[in-house]
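S.K.: Okay, here's what each chain looks like letter by letter:
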Amino acid sequence: MSERILSVLVEDKPGVLARVSSTISRRGFNINSLSVGPTNIEGRSKMTIVTELDAVEQVKKQLNKLVNVIKIVELDPSMTIETEVLLLKVSINKDSQTSVIEKASLSNATSVDVGQDFAIFELTGSSKELDKFESLMKPFGIIEMVRGGRIALQSNL
Amino acid sequence: MTKDKLSGAELVIRGLEHINVSTVFGVPGGAILPAYDPLYDSPIRHILARHEQGAGHMAEGYAQATGELGVVIATSGPGATNLITPLANALMDSTPLLAITGQVASDAIGNDAFQEAYTVGLSMAATKHNYLITDASEIPQILKEAKYIATTGRPGPVLIDIPKDILNQQASWVEPGALDLPGYKPTLEPNPKMVQQASNLIKKSKKPILYVGGGIIHSKANTELFDLATKFKIPVVTTLMGRGAFPDGHELCLEMPGMHGNYTATTSIQNADLLIAIGVRFDDRVTANPSFFAQNAKVIHADIDPAEIGKVRDAEVPIVGDAKSVIKGLIESLDDTNLDTEGWISELKDMKSKFPLSYKQEAKGPLKVPYVLEELQKLTKEEAIVVSGVGQHQMWISQHWNFTEPNTWLNSGGLGTMGYALPGAIGAKTAYPNKLVLALDGDGCFQMTCQELITASTENIPIKIVVFNNGNHGMVRQWQKIFYNSKFSASELTHDTPDYVKLAESMGAIGMRMMEKSDVEKVFNKMLEINDKPVLVDCVVDPDDMVFPMVPAGGSNDQIIMNKEDLKNL
Chain P
1 MSERILSVLV EDKPGVLARV SSTISRRGFN INSLSVGPTN IEGRSKMTIV
51 TELDAVEQVK KQLNKLVNVI KIVELDPSMT IETEVLLLKV SINKDSQTSV
101 IEKASLSNAT SVDVGQDFAI FELTGSSKEL DKFESLMKPF GIIEMVRGGR
151 IALQSNL
Chain Z
1 MTKDKLSGAE LVIRGLEHIN VSTVFGVPGG AILPAYDPLY DSPIRHILAR
51 HEQGAGHMAE GYAQATGELG VVIATSGPGA TNLITPLANA LMDSTPLLAI
101 TGQVASDAIG NDAFQEAYTV GLSMAATKHN YLITDASEIP QILKEAKYIA
151 TTGRPGPVLI DIPKDILNQQ ASWVEPGALD LPGYKPTLEP NPKMVQQASN
201 LIKKSKKPIL YVGGGIIHSK ANTELFDLAT KFKIPVVTTL MGRGAFPDGH
251 ELCLEMPGMH GNYTATTSIQ NADLLIAIGV RFDDRVTANP SFFAQNAKVI
301 HADIDPAEIG KVRDAEVPIV GDAKSVIKGL IESLDDTNLD TEGWISELKD
351 MKSKFPLSYK QEAKGPLKVP YVLEELQKLT KEEAIVVSGV GQHQMWISQH
401 WNFTEPNTWL NSGGLGTMGY ALPGAIGAKT AYPNKLVLAL DGDGCFQMTC
451 QELITASTEN IPIKIVVFNN GNHGMVRQWQ KIFYNSKFSA SELTHDTPDY
501 VKLAESMGAI GMRMMEKSDV EKVFNKMLEI NDKPVLVDCV VDPDDMVFPM
551 VPAGGSNDQI IMNKEDLKNL
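Going down the list, the sequences are from chains P and Z. Read left to right, the first sequence gives residues 1 to 157 (the working numbering). Read left to right, the second sequence gives residues 1 to 570 (the working numbering).
Isolated chain Z (complex conformation) (with noise of 0.2 Å):
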């Protein structure tokens, strides 16, 4: 740069620069204004979301594909409280944010100026961490901080909340130093002394079950839980942020526990007599109620975040720690230990073939979810990066859909976001332009963003979308059917309105409707010829079809519901 200062707006697009920032997601207005200014020079590429939890949710999907920061934009007051649920949703999956919010000059901040919110109070239960800059000379140190808090420890969002004012002083750009965060110290390595006790009890277990989640895939430690895992012959269960992390398909893969996992996964946790859990946080959607969960089980619980050891379940070993530390430990400390199990798979394994997960899909009948995407998957003959909405459709990728990589699943975990997967997709093909990106939709999800359609179009991200379009909120009508003597209030949606194919193509992308079974090879093939523009398959589901397993909120999960018949006797 040639000029001695320059404007706190500069100072954010070169910071951003300086921390390797390749593309931002965002909206702009009054107070952010300055911003885009030197960011229209840039090389960061900017997508324009058509909504600012668009944006956030496309920041989201280029983090959980790719592990690392995925940076936000958003002016003040409105702009900043529409990203108050992705900063939440990422909160929750541990997803590493940055969001920076215009906000309205420092001298009328609390006189509810035009556009004013208190984004800083608003977002800090939402945030890991979040500051309000005061001076533009500290733009460029609080975007390295900012970045650092976000993609170390246990990640998640971090906001910066600037001024209109401060983006437009003078300051010299100084370039970052040293980091002074004396409460900011995560624990990376774990204590050896826990790992032997860890150790000592794995060499004592007859039917341990390794219990991993999201932690895995953040801390990229695959490749060293498949070592663990097969060198000990110790089964894995797979939880729904942890999904891809252990191969689906190899033997020791038992997949979702869970509400609605399948019934060996949950029920090798009720049998198991150690759970080695890392990187997980015992969700009450894997536990059921506590109580009952895993009642003969001594548990290892791992994890880089303390506060998630003990707050669910008490752990005979605590570990604080990174899971690839953890793991790698754990290898050391076994080293040659023979570990007797083959009981214990041969049990599971005879589970598995007595009570598979199951679905009929009649030649004639209604499409069956599950039914159409094993053919999807048969169909695409690459590793595809998979991204759900939240709900029945959600539930049944996670059991049918074969993930065998980490970071090829994503989904909104914890906070149950409708409306994650097409924003989700679009940051996530961003990231990776040469993949296949899809993202598998309810139409309820789809309804809540589907106007960033236009902004895959119009920025050329050609991902492409199935709306399972079963007219029905179907996850609420499941619940209603069940529990509420099958009442359907405001569940219902209509399948034919919107006009889904028509949607498609007014917002510029390529629309496709699949009906029936005869269909369904023939509408994918051609979706998946299609790679120069987004392109969306309506595909007209059964809306009385309901996931199975299930164990109903607070429930034990030695009581596992396996299909409609079993519902007569709840």
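Looking at chain P on its own, in the form it has when it is part of the complex (with noise of 0.2 Å):
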């Protein structure tokens, strides 16, 4: 099943993301991802939330009821950019090092961290991209790994 991007315009009030998930688990839909910040505008915060649902018409319009939601635009995939962060910390030894730096460079990863048998990579990238660069680093030990929310805007309207 494909996925579908919803971009959510909502009003940064107290609640507001409790309301959005509430409405979606009760209404018995799956989510993918769900990320949420501030916009340019004052008072208003986007969501991004990807879902594969077939009911993707029955999500925006639960999700519009709710009082605090503005305005839900679904995303084209084939116009839209998008980008997911993820902090990932693998373990390191003489021997692999070189290899996880070289493999991490290669890759467009940062290394923001790295102490004597760890280091941290930073990584900003489509969701392959990331998937990718999680399985090169597996076969060195994962210490831990953490991935953001997938936040997208359309190129063109």
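These are computed hints drawn from the structure, not numbers from a lab. Among the clues, some could well be false.
Cross-link-like lysine-lysine pairs, in silico, DSS-like; alpha carbons within 30 Å at most [said to hold, decoys possible]:
no.	chain 1	residue 1	chain 2	residue 2
1	Z	K381	Z	K435
2	Z	K185	P	K13
3	Z	K360	Z	K206
4	P	K65	Z	K368
5	P	K71	Z	K185
6	P	K65	Z	K311
7	Z	K360	Z	K522
Keep in mind that this is a model prediction, so the values were computed, not measured.
Mind assembling these two chains? They're in different frames, but the hints should get you there.
M.R.: Shown next, in the form of structure tokens:
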């Protein structure tokens, strides 16, 4: 099933994230990713919701019923700039160090912290690029990893 | 007011007066206490319920009877959690309700303080919208906003949670201003193109059915509906929430379809070539299995809530808008169209006479609810407001009572909340002290909120209650009989405990009892004569009676069980 991306403009009011996520879970909808942050307009936040639902029309309608939800736009993936952020802590030793750093730099990941037996990398990119980097690092031993929600903008409206 | 500053509590009461609230239902308690102090001096009438659930249903009954906002006040913690049922009930049945709850002081929130509950979180999925007030100066504006949200678009419940320190905080009264709700703009006027498409479909239709519900009543569109149906000769089915939107007894009225609907109403939808659905939501109690529902029909679906359109059944013509405007648009667009529905109407007329609702009251046998209902309606000279609980008695009332006016049939349709009748009737009678208000209840339902009988007596609200006492959870028993091999697990209540007559008397009401056919007229006449006190009639009825017709849950509306004999083929 193909992914659908919803860009949801909301009022920046207490509980708005809880309202949106409660509506989604109450109606039995599943989501792959949800991120929220401020916009250039004061008092407005934007949520990016990624789902694989056929029922995306129902999700949109139910979310639109929330008083604090102002506008929902479904983004066309072919015209959408999408990015995601990842922080990954991998174990290193004398033998693996060079190889880890080399692979990270080839993947355009930035090293943000290096200790005696670990390194932390940051990578921003598409979900696929992040997946690829994760699998490259796996053999060295991933200690911890976190990925931020996906955010998106339509490049051409 | 002479004071420069008011307390948050005073702002609440003044704010309620400002939005024209004349009656509130509630129960006081610690966190909400500050609000009860200025309430004492206000012209607003407060009805002291015996339980917050009762208070909530009273406010719903008030709102369902008037079409206006019902208001309930409760304290924090258990006061608020007891309100969850009425809130969820109002959300399901689109009843405009405002709940004001006290909350522990702002600095105690999140600390598991005494009588603390996360009211905003708990009520989030049971309200249309809710608020936590963080500054007393917001109160007048938020009250105005809350009323607007509760009563416009698809109506529903709104809750305002106010911490105790905010109720005590001093602030100036600022006249509420224009509303700033960028995300809330209900569509009232339908798109004329869609109305045109709808009327094109209607013109081509040979077997149209107007399938209408609660939306007609909320929109006060019954006159327009009457014009549409009678001018173009389109038969009408009214759902449980729409009973009274089109007058029973009219030749075009087919009454209620669905699980316990009459044969003709349910079958008319199955045989229709066009459903003109207005203010309905294709509830599972109407459609049964949606794959078998109205398979031959195209669908025009008009609703004020866009999320209802296409939720259960795709519509050939979706129309978002207020029922009244939609119907006016349709009448205008159809203009002088002559629909040839004579054949269709006579087909349905034949069906009605071939498959009527039936019951058998034997002279010496136990009382049957449909018989008692029909006798009661004969004896009532005026249009009554009828309020019911949930279950067998509710279905029998909807089937056998003749509803001719909107807002005269109040019940818990969507949520199916047992215990609605008594408090609901108290709310309705508070709104209309001069109207006859009947709480027609089951014994199982009555026992869920019967303490509110004390509210009715002490507040001088002379409603009339009939408890259809079959000593059982009747609908549960019916299902156990049909689907669980007559294994009556936990459905028996015993019909003589409590003694309802003594219970009524102990609660300040008048109690009476009817056991057999010869009692009915006598007891009801006596009941109808008493107008200064609540009256309760313990009506002992047959525990083995079952509601028919019936379409089992998830079944097909083409396979209607008409009577006990049909069960053998199940």
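S.K.: Taking the hints in turn, state whether each one holds.
M.R.: Going through the hints against the structure:
1. Between Z:K381 and Z:K435 the alpha-carbon distance is near 11 Å, which keeps this suggested pair within the 30 Å criterion.
2. Taking the CA atoms of Z:K185 and P:K13, the gap is near 18 Å; set against the 30 Å cutoff, the hint holds.
3. For the given pair, Z:K360 sits about 37 Å from Z:K206 by alpha-carbon distance, which is inconsistent with the 30 Å threshold.
4. Annotation: proposed proximity of P:K65 to Z:K368 is violated, straight-line Cα distance about 45 Å (limit 30 Å).
5. For the given pair, P:K71 sits about 11 Å from Z:K185 by alpha-carbon distance, which is consistent with the 30 Å threshold.
6. A distance of roughly 14 Å separates the Cα atoms of P:K65 and Z:K311; the hinted pair therefore holds under the 30 Å criterion.
7. A hinted pair counts as satisfied when its Cα atoms are at most 30 Å apart, and Z:K360 with Z:K522 qualifies at roughly 21 Å.
Of the numbered hints given earlier, the model fails hints 3, 4; all others are met.
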